[in-house]
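K.L.:
Okay, here's what each chain looks like letter by letter:
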Amino acid sequence: MLSNERQISHGRRAWLYLWTSAVLAFLVAPSLIVIPMSFSASNLLEFPPSTLSLRWYASYFSSSEWMRATAISLSTALLTVLIATPVGFLAAYAVARTTPRLGSVATAIIVLPTILPHIVVAVGMFFVLSWAGLINTITGLTIGHVVVALPFVFVVMLAALKSYDFSQEKAAVSLGASQFRAVIDITLPQLKMSLITAALLAFISSIDEVIISMLVSTGSASTLSRRMLVSLTDVIDPTIAAISTLFILVTVSVIVIVQLTGNRSALVPGGTER
Amino acid sequence: MSVAAGASDAIVPSQARADGHSSAWAALAFPAVLIVVGALVIPVLVMVLLSFVDSSGSISLANYWLLISDPSLPTVIETTVSIALWCTLLCILLGTPVAYLLSELPQRVAGLLLIAVLLPFWTSLLVRTYAMLLLLQRRGLVNETLQSVGLTTEPLQLAHNMTGTVIAMTQIMLPYFILPLYVSFRRIDRGMMNAAAGLGATPVRVFWTITLPQARSGLLAGGFLVFVLCFGFYVTPAILGGGRVIMMAQAINTYLGLYPNWGAAGALATVLFLCTLLTLGFMRLCMVYLTRKRTSSRA
Numbered sequence: 014m015l016s017n018e019r020q021i022s023h024g025r026r027a028w029l030y031l032w033t034s035a036v037l038a039f040l041v042a043p044s045l046i047v048i049p050m051s052f053s054a055s056n057l058l059e060f061p062p063s064t065l066s067l068r069w070y071a072s073y074f075s076s077s078e079w080m081r082a083t084a085i086s087l088s089t090a091l092l093t094v095l096i097a098t099p100v101g102f103l104a105a106y107a108v109a110r111t112t113p114r115l116g117s118v119a120t121a122i123i124v125l126p127t128i129l130p131h132i133v134v135a136v137g138m139f140f141v142l143s144w145a146g147l148i149n150t151i152t153g154l155t156i157g158h159v160v161v162a163l164p165f166v167f168v169v170m171l172a173a174l175k176s177y178d179f180s181q182e183k184a185a186v187s188l189g190a191s192q193f194r195a196v197i198d199i200t201l202p203q204l205k206m207s208l209i210t211a212a213l214l215a216f217i218s219s220i221d222e223v224i225i226s227m228l229v230s231t232g233s234a235s236t237l238s239r240r241m242l243v244s245l246t247d248v249i250d251p252t253i254a255a256i257s258t259l260f261i262l263v264t265v266s267v268i269v270i271v272q273l274t275g276n277r278s279a280l281v282p283g284g285t286e287r
Numbered sequence: 137m138s139v140a141a142g143a144s145d146a147i148v149p150s151q152a153r154a155d156g157h158s159s160a161w162a163a164l165a166f167p168a169v170l171i172v173v174g175a176l177v178i179p180v181l182v183m184v185l186l187s188f189v190d191s192s193g194s195i196s197l198a199n200y201w202l203l204i205s206d207p208s209l210p211t212v213i214e215t216t217v218s219i220a221l222w223c224t225l226l227c228i229l230l231g232t233p234v235a236y237l238l239s240e241l242p243q244r245v246a247g248l249l250l251i252a253v254l255l256p257f258w259t260s261l262l263v264r265t266y267a268m269l270l271l272l273q274r275r276g277l278v279n280e281t282l283q284s285v286g287l288t289t290e291p292l293q294l295a296h297n298m299t300g301t302v303i304a305m306t307q308i309m310l311p312y313f314i315l316p317l318y319v320s321f322r323r324i325d326r327g328m329m330n331a332a333a334g335l336g337a338t339p340v341r342v343f344w345t346i347t348l349p350q351a352r353s354g355l356l357a358g359g360f361l362v363f364v365l366c367f368g369f370y371v372t373p374a375i376l377g378g379g380r381v382i383m384m385a386q387a388i389n390t391y392l393g394l395y396p397n398w399g400a401a402g403a404l405a406t407v408l409f410l411c412t413l414l415t416l417g418f419m420r421l422c423m424v425y426l427t428r429k430r431t432s433s434r435a
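Same order as they appear, the protein sequences are chains A and B.
Heads up, our numbering is the position in the first sequence plus 13, with the first residue counted as 1.
Heads up, our numbering is the position in the second sequence plus 136, with the first residue counted as 1.
Hints were generated in silico from the structure; no laboratory data involved.
Certain hints may be false.
[Stated by the list, open to error] Covered stretches of chain A (in silico footprint by chain B; criterion: 3 or more residues with CB under 8 Å from a CB of chain B, positions within the stretch not fixed):
(1) 63 to 77
(2) 121 to 134
(3) 211 to 224
(4) 235 to 243
[As the list claims (entries may be wrong)] Here are a few chain A residues that sit away from chain B, every Cβ distance over 10 Å (derived from the structure):
(5) Arg-26
(6) Ser-88
(7) Ala-107
(8) Ser-191
(9) Thr-274
[Stated by the list, open to error] Selected chain B positions facing chain A (in silico; Cβ < 8 Å):
(10) Leu-164
(11) Ile-171
(12) Val-173
(13) Met-183
(14) Ser-260
(15) Tyr-266
(16) Arg-352
(17) Thr-390
(18) Gly-402
(19) Phe-409
From the three backbone atoms N, C-alpha and C, an ideal C-beta is built for every residue, glycine too.
Work out the full structure, taking the sequences as your base and the hints as a guide.
P.N.:
Here it is in C-alpha cells:
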C-alpha cells in the first residue's frame, strides 16, 4: 500500500524533482565548469574550449610569485594542521568526558570563530599582531588560521568520541595501563579515520582562508588566496582558472577520502543525523 | 567557510554518561580555549575598547562621529542589510523544497545527492566566486546561452552589480540553509505524516500543517545563519560588485587602509560585531520560544 501511495505522489511531485535538480545543478555546475575552461587556450576562457592547452597551468607553475604564495599557503596550512589537530582532539576529549555544564562552556568558546564575521576577527588580530610585530609573518598567519581550523577539528572529533565506548579505556586502566597509555594505545587507533578527516578539513580551511590572510599578510608574505583576491579585484589573470581547478581537485579528493573512510556525517555542519 | 552555528546545540551532550564524567577532564580543553581566547576574544575586545579611544589617547566617541559624518556609510549599511535579506529570502525559496525532497528519499540516495550540497560547501569561497563571475559576466556562459537560444538580444547585466552579488552570495549560502533544514526534516516522525495522509489530507496540506511546523527550528536556524553570515561578506561583493556594491566588511577594509589611526575601522567592525551578536541573541530567543511552545502543546 505504501509503495502505491509513493507512486502516486511521485507523479504529483514532478515539479519537486525538477526544482531540486535545478538547485543542485546551480550549486555544483559553476565550480565544475571552471575545470574545462582552465584548459582553454584563449585569454577569454571559452566554454567549451575551442583549442585545448595547458598554458594557464604553465603560467602558474612558472611564476615565481604564484609559487612563493603557494609555498606560504602550504607551510601555513601544514603548521595549522599540526597545531589544530592535537589541540582540537584534546578539547573534544575533554568535552566528551567532563560534566555537561563545563562541556557546553568550552564548546561555546571553541565554536566562536565559526559565527563571528572573519573581518571582525581579522581587524582584532590585525591590531594585536601589529602591536606584537607579527604582521607579515608565518607565525602571525598560523595563529589566525589555527583559530579558524580549530572548530572543524573539534566538531569532527567530538562526534567521533560521542559514539566511542570509553569503558575500553577503563578496562585498560584497571588492568594497569596509565591513562595516557590507554588513550594512545586504545582510543587513538580506533579514532584514526576521524583524526585524518579532522586534519584534512583543518588543511582545507587554512588554504581557503582569505580575510585574515588579507589583513595579516601582505607583500612578499602573501598567501595564495590573498594573491588570488588581489588579482580578481584588479585585472583578472586567467591563471586563476588553473589554480581554481587545483583547489577543486583538493576539495574533491578530501570529500572522496572522507566518504570512503565512512565518516560522512563529519562533513555535515551541525553534526550527525541523530 | 564555517561550521553551522547550530553545531553548538548538536554538540552539547544531551544526556550525561553515567560513567567517567568529571570536571577534572575539562583541563584538557585548556589549550584550545586559550588559543581562542588569546587570538580571538581578547583581540576583538581590544578592538572594541580601542574604538572608544581617539588619536590623542583619551576616551571619546570621535571614531563613531567619523563614521556618522561619512556620507557614504548609510548606503553601505543599506546595501548590506538588503543583500542579506535578499539572500535569506532566496535561500528559503530555493532551498526548502530541496531539503524536503532529500529528507523524503531513501538514506542512500539522499546521501549521494547530499554530496552535491557538500562539494560546494567545502570548495574555496574565492573559487566559487570566480566561477560565478565567469558564468555571469557580460560575455559569460549564461549570457552567451541566452542570446544563442534567442531569449535575449542584448547581454544582461548580471555581474559587476547588485544582481550578480546577490546571485553569487545565494549560491554560496545555500548549503548553510539546506543542511540544517535537511537534518530537521529527517528527524520528523514519519508516522504522523502517514496518519494525516491516511485520514485524507492532501500532500500539500500534510506539508503545511504537519511537516513544516515541526521543521521550524531548522528553518529558523538556517534562515538566521544565512542572514548573519551575509553580514560579514567581503570577497563576493568585492569581486562581483565591480566596485559599485560596498558592504560593511569592504568599508572596514577601506578605512583600515585610509586612516593612520585605524579608529574608524575598529568602530565599524565593532558595529558589525554588535549587529552579529544581537541577531544571534534574537535567534536564541526565537528558538527558546519555539521549543517552549512545542513542549507545552505536546503536554
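K.L.:
Output the indices of the hints that this structure fails to meet, ascending.
P.N.:
1, 5, 7, 16 and 17
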